[in-house]
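Visitor: Residues per chain are reported as follows:
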Amino acid sequence: MREPVWEFLIVNYLFLGGLSAGLYFVSGLATWIQDRECKPAYPALARLGALLAPWPVSLGSALLILDLGKPLRFWKLFMHVRWRSPMSIGSWLLVAFTILSLAYLWSWLDDAERRRWIGRVPRRAYAMLPAFLRAWLEADGAPRRRILALAGLPMSVAVGIYTGVLLGAVQSRPFWNTNLVAQMFLFSALSSGAATLVLLRFLSKDRPGLRELRFLYGLDIILMGLELFIVLPYLIHGNLSSLAVKEALGLVMGGPFTFAFWGVFLGLGLLAPLAVELWEFKPFLLGRGPFHVNPRWAMVAGALVLIGGYTLRYVFVFAGQATGF
Amino acid sequence: MGTKTKTKRYAMVIDSKKCIDCKACVVACKAENKVPEGVFRNWISVERSGDYPKLRMTFEPEQCHHCDEPSCVRVCPTGASWQREDGIVLVDYDACIGCKYCIIACPYEARYHNPETHTVDKCTFCVHRVDKGDLPACVETCPSKVRVFGDLNDPKSPLHQLLATRRHEVKNPQTGNGPQLYYLL
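If you're matching them up, the sequences are chains C and R in order.
Residues in the first sequence are numbered consecutively from 1, following our numbering.
Residues in the second sequence are numbered consecutively from 326, following our numbering.
Be a bit skeptical, because a hint or two may be false.
To be verified - Chain C is faced by these chain R residues, among others (derived, beta-carbon under 7 Å):
#1 V400
#2 C401
#3 T403
#4 W407
#5 G423
#6 K425
#7 Y426
#8 H438
#9 P440
#10 H443
#11 T444
#12 G458
#13 N497
#14 P498
No lab work stands behind these hints, which were simulated from the structure alone.
Small disclaimer: the values here were computed from a predicted structure and weren't measured.
Every residue gets a Cβ at the ideal spot worked out from N, C-alpha and C, and that includes glycine.
With the hints as constraints, model all of the structure from the sequences given.
Guide: Laid out in C-alpha cells, this is it:
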C-alpha cells in the first residue's frame, strides 16, 4: 500500500463542501415549496438553512488552500479554466456557490439585521461599492428568496456531485473510478444537510411543527434511501468487476477499512438513522397512528447521519489512494 | 539525421533482464537532478518468487512513463503539468500550487511532493541534457546497458530497432495513459 498524499484536510473539506450543498438544497426546497398563501412553506427551516449554508464550504475551501504545498499560490487556480480537470471546474464552482449562498443568506435577513450588518462596514468603504450593489443590499430580500432558492438547487447538486467527481474522475484509482461514486457523495451530502437541520431545529427555541418534520423526515428518508441504492450496486458491481476493482474493494471487504465502512458508515451512519426516521415517520407511511415525535431519537438520527457522511469520505479518501493497478 | 521532418517522440526501452539492481541509475538521477532525501524520480522494484533453493528474483527499473495521454496533465488545475511536443512530460515549478492531484492521478506513482520546494516533482528525462544532445543521466550511467533512450520517430535509432525486432510490453496499458517506457520481454 502506498502512502496517502491527501489526508484529513481533504476529508474535512469534502464533508464540509457537501454539508453546505445539503443545507442550501434543503433550505432551497423549503423556500421554493409554497403554502396556500404563496409564502415559503417552511420558513423557519428555510431561514436556518440559508443562514448556515455559506459557512461550512468557506471553511472547507480554506482547508483546501491550507493543504496546498504552496498555499499562497491558490489564486493561480483562477487564472485558468481547464475543462478536463475536475479540480479546476470545482474551484470555479465553489466560488460561484459561495457567492450565491451568501446572496441567498442576505435575502433571508430582516430589515434590522441587514441594517446592523451594513452599519458594521466602515462608511467610506461602503460608499465605494457600486450603487446597484448598495441598493441590492439595502432592499428587502423576501421577493428574491424564491429565485435564489431555485438557482441554488442545481448549484448545490453540482457542488455535492463535484466532491465525488473529484475522486471518481481519476482512472488510476479503481476504488474511485466508477460511475457511482459521484452520486453516492451527492446523496450523502444532501442528507447530511437535512440531518444538520433536523438536529438544529430540535435544539432551537421554537420546536419544529408536524408539517415541517414530515417534510424533513420524508426528504431525509428519500435521500438516505437513494444513497443506500447507490452503495449496494457499488459493492455488488465492484465485486463482479475486473480484478483491479475487486482487489480495491477488498479494502472494505475484509481489509483495513472494513469496520469503518460497514460498521460506522453503513450500519451506524446510514441504516440506523434510516430505521429511526422510518419508525418516527411510520404514521405517515401507514396513514394511521399518532405522530408523536421523540426529539432525542431525532437528534440521535441526525448526528448519526453526520458521522456516517464523514466516515464515508474518510474511507474513500484513504482507501482510494491505497489502490491502483 | 538529414531528411527527417517528423517531430521527435522520446521514449525509453528497458531490458530488465540485464538489470542487476546496482541502483547506479537511482544515484545518478539523484546527483544530476539534486533530488531531495527521501524521495526518488526512479527506483528499481524487486520481485521475489519461489522458495529456497528454487527461487527467482526480478528487477525492474521504474520512473515516469512520459505517457501519450498523461492523466497527470489532464487533472492539473493550473496547467503546471504539461507535455512537450516531443512527448516529455514536465512540471512548470512556478505554476504548480502543490495540490497533489497529479500524484494521485498517476497510475505509475512516478510523482512526489518535493519537501524542499513544496511543488510536485518527477523525472524529466533529463531534458537539460537531452536538449544538448546528451543522454539522460540514468541511461548514461547504467553499467549493464539496461536502458536505451531515443526518438521513436527516428528509424535509425537503436531504440527504434530494438522495438522493431524484440518482443516488448508496456505497463498497465488498461489505464489508457499510453505509457512510453517499453519493457523488453
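Visitor: Can you name, in rising order, the numbers of the hints this structure does not satisfy?
Guide: 4, 9, 12 and 14
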